[in-house]
Amino acid sequence: AQSVTQPDIHITVSEGASLELRCNYSYGATPYLFWYVQSPGQGLQLLLKYFSGDTLVQGIKGFEAEFKRSQSSFNLRKPSVHWSDAAEYFCAVGAECSGGSYIPTFGRGTSLIVHP
Amino acid sequence: KAGVTQTPRYLIKTRGQQVTLSCSPISGHRSVSWYQQTPGQGLQFLFEYFSETQRNKGNFPGRFSGRQFSNSRSEMNVSTLELGDSALYLCASSPRGGIWELFFGEGSRLTVL
Chain A
1 AQSVTQPDIH ITVSEGASLE LRCNYSYGAT PYLFWYVQSP GQGLQLLLKY FSGDTLVQGI
61 KGFEAEFKRS QSSFNLRKPS VHWSDAAEYF CAVGAECSGG SYIPTFGRGT SLIVHP
Chain B
1001 KAGVTQTPRY LIKTRGQQVT LSCSPISGHR SVSWYQQTPG QGLQFLFEYF SETQRNKGNF
1061 PGRFSGRQFS NSRSEMNVST LELGDSALYL CASSPRGGIW ELFFGEGSRL TVL
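These protein sequence lines are chains A and B, in that order.
Using the working numbering, the letters of the first sequence correspond one by one to residues 1 to 116.
Using the working numbering, the letters of the second sequence correspond one by one to residues 1001 to 1113.
Only chain B is shown next, with the shape it has when bound in the complex (with noise of 0.2 Å):
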């Protein structure tokens, strides 16, 4: 079974573009989660869809946003880059249900320029 996949692993942009970040889950798993983790914060919830509706939201600024399409890929868009927002973004994803363990991928290491 294919696990978590994260598309880019890496990129490069500079303050004030946009950025958008894709998640596709294990298959069968209708929850996926977003995270950041940096050095300074730590791991951070950005937010969690369920069935392509966002379920939880964590302390983000709304230039943070997501969305699950009815395959229960995600993706995540950041606006108006800043410095601040450099970090490794974790998706993970996990089985219908209501108490659940999550199942992450490697990340999608975002760098501000």
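Just chain A, with the same shape it has in the complex (with noise of 0.2 Å):
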């Protein structure tokens, strides 16, 4: 079975500097990898994902992520952090299941604080 781990239950940084928040994953096949945020009441808003390709991912608010199979991470960057990036951060998997569809399992999340 797949498994998503995030060994950072928080992370504080100051505005402006860089971010860089861990996924770890286990899959037998090729994964399927995303990165959500779910600011305070709301739901999870989908920053990026990994189907194949090139591993370095482009997403939206200035995020990118490296896929490196060698390390089964999935890490998420950002060179300039806003306090508006204070949130939940969750990476998950993919797993396909029949019918073209997938089974996500998501990490326990990493809480970041921005400080002004």
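Keep in mind that a hint or two might mislead.
[Stated by the list, open to error] Now the stretches of chain B that chain A is said to cover, found in silico as 3 or more residues with beta-carbon under 8 Å:
id, stretch
1, 1038-1048
2, 1104-1111
[Claimed, not checked] Cut-off 20 Å, straight-line C-alpha distance, at most; resulting in silico cross-link-like pairs (DMTMM-like, lysine to aspartate or glutamate):
id, chain 1, residue 1, chain 2, residue 2
3, A, 49, A, 96
4, B, 1057, A, 20
5, A, 49, A, 20
6, B, 1057, B, 1101
7, A, 49, B, 1101
8, A, 61, A, 96
9, A, 61, B, 1075
10, A, 61, A, 85
11, B, 1013, B, 1101
If you are wondering where the hints come from, they were derived from the structure by calculation, not from laboratory data.
All values derive from a computational prediction rather than experimental measurement.
No residue lacks a Cβ here, since even glycine has one placed at the ideal position from N, Cα and C.
Grab the two chains, each in its own frame, and use the hints to assemble them into the complex.
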């Protein structure tokens, strides 16, 4: 069965500093990988996804992520964090099922705190 | 284009009762999936419906059920509520296709007393 580990429960950064959120996955086949963001009281919003091809993926809000198969990682990065980036971030892996759909498995999330 | 709408946003029930939550997907989306989010277990997949058929199901007891209507709107029901069912229940819709991305609603916050 697939699994996702986000080793950092909380991360605190200063506004304007760079950010890297870690994600490690376990899945036997080629993974479909996602990063979602959840602001307080809101649902999740997709930041970016990796299906195949270029291992460096660009997303919305200035985020990017790099897929490293050898390390089973899909870390999320942003060069300069804004106060509005404070939120919960979830990494997810999709396991393909019959019929072409997939069941997503989410990590436990990383809470990002941004200091002014 | 309107997003995913979930109702009610907040509700309080007592143990043993049942609850029905509703989800209206983005227009044109035929897949609707449901998730339970708790501090202890995180985000867990409940089930997915596509064209009124349950396509996938997570590891939850039979007290959790759902259905999808011909207009793609979906409901989930939890019977014989337990304290541990207190959670944020999220619905997500997705356009038709093999591999898809999820568009989430804001969730229904259920408190069981």
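Hint by hint, here is what the structure shows:
Look at the stretch 1038-1048 of chain B against chain A: 5 of its residues bring a Cβ nearer than 8 Å to a Cβ of that chain, three or more, so the hint holds. Counting residues of the stretch 1104-1111 of chain B whose beta carbon lies closer than 8 Å to any beta carbon of chain A gives 4, which meets the minimum of three for the stated coverage. Taking the CA atoms of residue 49 of chain A and residue 96 of chain A, the gap is about 15 Å. The hint holds against a cut of 20 Å. At roughly 33 Å between alpha-carbon atoms, residue 1057 of chain B and residue 20 of chain A are farther apart than 20 Å, so this suggested pair is violated.
Our distance criterion of 20 Å between C-alpha atoms is met by residue 49 of chain A and residue 20 of chain A, whose separation comes to about 16 Å. As the CA atoms of residue 1057 of chain B and residue 1101 of chain B are separated by approximately 18 Å, the hinted pair is consistent with the 20 Å bound. A threshold of 20 Å between alpha carbons decides the hint, and for residue 49 of chain A with residue 1101 of chain B the separation of about 8 Å falls inside it, so the pair holds. Between residue 61 of chain A and residue 96 of chain A the alpha-carbon distance is near 28 Å, which puts this suggested pair outside the 20 Å criterion.
For a cut-off of 20 Å, the pair hint linking residue 61 of chain A to residue 1075 of chain B is broken: about 32 Å separates their Cα positions. Straight-line distance between C-alpha atoms of residue 61 of chain A and residue 85 of chain A comes to about 9 Å, which keeps the hinted pair within the 20 Å bound. Annotation: proposed proximity of residue 1013 of chain B to residue 1101 of chain B is violated, straight-line Cα distance about 32 Å (limit 20 Å).
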